[in-house]
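K.L.:
Sequence:
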Amino acid sequence: GKENPIILVVYGLIDASLESQIADDWCSGIKLIKFIEKENQRRETWEYPINEMRNIGLNHLETTHFIVMDIDFVPSSNLREVISSYFNDSDHTYPGSDKDAVVIPAFERLGSCSTRKMCQLLGGGNKDQYLPSTFKQLKECVLAQKNCQVFQQNNNWEGHFTTQSEAWLEGKWYEKSHAATNNSVGGSIAKQIKCFHSTRYEPYLMLRYCPQHTPYYDERFYGYGKNKIQYISH
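Under our numbering, the first residue of the sequence shown carries the number 742, and numbering increases by one thereafter.
The set of hints was computed from the structure by calculation and includes no laboratory data.
Not one of these hints is a red herring.
Here are the simulated DSS-like cross-link-like pairs (lysine-lysine), alpha carbons at most 27 Å apart as the crow flies: (1) 887 - 858; (2) 917 - 932; (3) 932 - 880; (4) 887 - 877; (5) 913 - 880; (6) 877 - 913; (7) 840 - 967; (8) 932 - 840; (9) 775 - 967; (10) 932 - 877; (11) 913 - 840; (12) 917 - 840; (13) 858 - 880; (14) 935 - 967; (15) 935 - 913; (16) 967 - 932; (17) 917 - 935.
Let's have the full structure, built from the sequences with the hints guiding it.
P.N.:
Structure (structure tokens):
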């Protein structure tokens with residue numbers, strides 16, 4: 742809804758019926774931006790300007806914070822509420838700098854499906870059971886059912902290893918603050934990532950949007966690969 746605005750940047754031609762469906766049926770909070778290049782600027786299919794499109798999305802922000810997601814990334818149903826409650830939790834401290842970033846752990850559902858009906862079958866006939874929508878469902882999918890795992894852990898383990906997603910699933914979200922005393926309230930802070938285990942680290946982030954500080958994506962990167970790594974590294 743409007744309290745959870747989504748900026749959707751679509752590359753190439755978009756069917757009028759799909760545009761109407763996005764506007765009417767999907768979500769009232771979606772702002773659709775069409776990126777259509779002129780005929781003399783057409784590129785090969787694999788040359789899609791992914792980082793330029795991300796920057797277009799940033800330029801349309803009307804919120805204080807944002808998360809850049811790929812089209813196949815589905816956030817938990819209560820992500821906004823969880824993040825908001827975290828900021829307002831008096832028992833824990835968020836660093837609070839405009840340059841701080843919150844890592845959103847990423848997981849994937851095992852078992853491939855190419856249509857909605859196939860995905861429903863994998864979910865036992867219930868479309869709502871194919872993808873976990875809450876932390877409890879995700880934990881069950883990973884630990885009990887073994888139907889989910891850390892995103893790309895089999896073919897790109899370095900991409901999200903630094904997040905330590907297994908510890909996050911176990912509820913290890915905080916660490917002791919060096920500035921806190923044993924009797925203080927708010928004596929713990931969110932776990933800090935002090936170093937990257939690999940230069941291939943490419944987490945999904947929630948960032949504060951400050952025109953003076955928030956970096957743009959390097960538009961020299963296009964197509965698939967390395968574009969999020971560049972953003973994290975530089």
